[in-house]
Each structure stands twice: as C-alpha cells, then as structure tokens.
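> As you go down the protein sequences, you meet chains A and U in turn. For the first sequence, the numbering used here assigns the number 1 to the initial residue and increments by one for each residue that follows. For the second sequence, the numbering used here assigns the number 1001 to the initial residue and increments by one for each residue that follows.
No lab work stands behind these hints: they were computed from the structure. Since the structure is predicted, the reported quantities are computational estimates derived from the model, not experimental observations. The reader is advised that the hints may include incorrect statements.
[Claimed, not checked] Derived DSSO-like pairs: lysine-lysine, alpha-carbon spacing no greater than 30 Å straight-line:
#1 A:96 with U:1015
#2 A:61 with A:111
#3 A:111 with U:1078
#4 U:1044 with A:69
#5 U:1011 with A:96
#6 A:61 with U:1044
#7 U:1044 with A:96
#8 U:1062 with U:1083
#9 A:111 with U:1011
#10 U:1011 with U:1078
#11 U:1044 with A:58
#12 U:1044 with A:71
#13 U:1015 with U:1044
#14 A:49 with U:1083
#15 A:69 with A:49
#16 A:96 with A:69
#17 A:111 with A:96
#18 A:96 with A:58
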Amino acid sequence: AQSVSQHNHHVILSEAASLELGCNYSYGGTVNLFWYVQYPGQHLQLLLKYFSGDPLVKGIKGFEAEFIKSKFSFNLRKPSVQWSDTAEYFCAAQYKGGGNKLTFGTGTQLKVEL
Amino acid sequence: EAGVAQSPRYKIIEKRQSVAFWCNPISGHATLYWYQQILGQGPKLLIQFQNNGVVDDSQLPKDRFSAERLKGVDSTLKIQPAKLEDSAVYLCASSFFTIGSGNTIYFGEGSWLTVV
Chain A
1 AQSVSQHNHH VILSEAASLE LGCNYSYGGT VNLFWYVQYP GQHLQLLLKY
51 FSGDPLVKGI KGFEAEFIKS KFSFNLRKPS VQWSDTAEYF CAAQYKGGGN
101 KLTFGTGTQL KVEL
Chain U
1001 EAGVAQSPRY KIIEKRQSVA FWCNPISGHA TLYWYQQILG QGPKLLIQFQ
1051 NNGVVDDSQL PKDRFSAERL KGVDSTLKIQ PAKLEDSAVY LCASSFFTIG
1101 SGNTIYFGEG SWLTVV
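Okay, chain A solo, but in the shape it has when bound (with noise of 0.2 Å):
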C-alpha cells in the first residue's frame, strides 16, 4: 500500500536555529510531493509541492525541499527558523493513477522557542 512516513513526531527547536524534517514515501511508480503547514487554528496550508524538474524546490516563508528519488526522500528544510514557524508539518503523496488523492504522513510538530 502507498504510504508515507515522517519520521519526528515532535521537534523543539530555539530561534534562529536550522530545522530539517524528514519525509520518505513508498513506491508507487510516479509521485508528486508536497509539504502542507497547519498553524494553529488554522487550516493546511500548501508550503511547496514537487512534480518534476529541479529537484531542490523553494516554498513560502524561506522553506525548502530536497526531491530524492534513489532515497525515495523529500525532506523539508529551512536554514533559520522563526517563533512563527510554530506549527504541524505534513508531508504527502500524489500517486499517479491514483486520482489526485493525497496520502499524508502522520505529521511532525514543530514548536520554536525564543
């Protein structure tokens, strides 16, 4: 079965700090990838999404994502992180064929301490 996995359930990080969250997926022939945030209260919002080129994609708010296809990965990054960036992270799917659905991994939370 397609699924995804997001390996840190929480992460704690001070101001200022590099945060990366890991994201592998199954196989399923062609995938595209994507990165949703849920602040709190609020609704998923798309970060950035990966269907094909260049593998390192830039989203919103100095987030980014590395495509690794060998490594079957898609992890997200940001160099330095804010307050603000307190919030749930999700990685999904979109398996070709599979009718545009989205199959999302268990979600990492993120609080950032001043």
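Given the structure of chain A, go ahead and fit chain U onto it with the hints provided.
Chain U alone, transformed into the frame defined by chain A:
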C-alpha cells in the same frame, strides 16, 4: 479568491446521534474531497468526487457515513449513528482535475466533531 468553505466549525454530539457537515469548494474546482483527521494522525481520505460522481470511497465506513454532491458543486457528509471514534476534524478540500497531471489540493478550515 474565496477558499473552501465549511460549516459548522464545531459540533458536539452524543454517540448514536447523527451529524451533517457542509462544504462549498473553490469556484471552478471539479474535484472535491472529504478527509478525516484524527488527533495525532495525518488526514485520511474518506471520499473523492469528480463533479457529482464518486471517484474513490474505498475508506468510507459506508455503514454509518454517507456523502453526496448532487449538483457537482457543494457537498454534504453525514454520519449516522456516530461513534466515539468518529471524533475528529473533517476536512473538505478541492482541486482542478486534469487527467495525467497532478493538481494542488486546497483545504478548508475543517469541521471539528466531538462525540461524547
């Protein structure tokens, strides 16, 4: 641009009661999704519509859950009778649909259900 609209935002019901959630997708989006997000888990697809037809309802507990999108625009998700384990956030989402390519899916704010 207006986003995906959902109502009600919060609902508390007793087990064995029924509840209905409404969703209006982004204008022009042919595909509509209902996801269930249980606390501590990622969203799980319940049902996907393409216009007014069902594309995928393989994870919908059909003995108690039903959904419809009669005119191909807004949609209703119903739970009857509710169980304690149905306590979750019910997310509606929508996207364009182009065969052969992926599409960004946009989410509503969710309807929070607590079953007591």
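> Now tell me, hint by hint, if it's right for this structure.
Consistency of the hints with the structure:
1. Simply put, residue 96 of chain A and residue 1015 of chain U have alpha-carbon atoms about 39 Å apart, too far for the 30 Å limit, and the pair is violated.
2. Taking the CA atoms of residue 61 of chain A and residue 111 of chain A, the gap is near 16 Å; set against the 30 Å cutoff, the hint holds.
3. Note on residue 111 of chain A and residue 1078 of chain U: the hinted pairing is violated, with a Cα-Cα distance of about 35 Å set against a maximum of 30 Å.
4. Taken as a hint, the residue 1044 of chain U and residue 69 of chain A pair is honoured in the structure, with Cα atoms around 25 Å apart against an allowance of 30 Å.
5. Of the pairs offered as hints, the one joining residue 1011 of chain U and residue 96 of chain A is violated, with about 36 Å between alpha carbons and a cut-off of 30 Å exceeded.
6. Only pairs whose Cα atoms come within 30 Å are accepted, and residue 61 of chain A paired with residue 1044 of chain U is accepted, the gap being roughly 26 Å.
7. Only pairs whose Cα atoms come within 30 Å are accepted, and residue 1044 of chain U paired with residue 96 of chain A is accepted, the gap being roughly 18 Å.
8. Of the supplied pair hints, the one linking residue 1062 of chain U and residue 1083 of chain U holds, its CA atoms being roughly 13 Å apart against a limit of 30 Å.
9. Of the pairs offered as hints, the one joining residue 111 of chain A and residue 1011 of chain U holds, with about 28 Å between alpha carbons and a cut-off of 30 Å not exceeded.
10. For the suggested pair residue 1011 of chain U and residue 1078 of chain U, the alpha carbons sit about 13 Å apart, so the restraint of at most 30 Å is met.
11. Proposed proximity of residue 1044 of chain U and residue 58 of chain A is supported: the alpha carbons are some 26 Å apart, at most 30 Å.
12. For a cut-off of 30 Å, the pair hint linking residue 1044 of chain U to residue 71 of chain A stands: about 24 Å separates their Cα positions.
13. Restraint check for residue 1015 of chain U and residue 1044 of chain U: satisfied, since their Cα atoms lie roughly 22 Å apart, inside the 30 Å limit.
14. Note on residue 49 of chain A and residue 1083 of chain U: the hinted pairing is violated, with a Cα-Cα distance of about 36 Å set against a maximum of 30 Å.
15. Taking the CA atoms of residue 69 of chain A and residue 49 of chain A, the gap is near 15 Å; set against the 30 Å cutoff, the hint holds.
16. The hinted pair formed by residue 96 of chain A and residue 69 of chain A meets the criterion: a straight-line CA distance of about 15 Å does not exceed 30 Å.
17. For the given pair, residue 111 of chain A sits about 34 Å from residue 96 of chain A by alpha-carbon distance, which is inconsistent with the 30 Å threshold.
18. With a C-alpha separation of about 22 Å, the suggested pair residue 96 of chain A and residue 58 of chain A falls inside the 30 Å cut-off, and the hint holds.
The structure fails hints 1, 3, 5, 14 and 17 (numbered hints given earlier, in ascending order).
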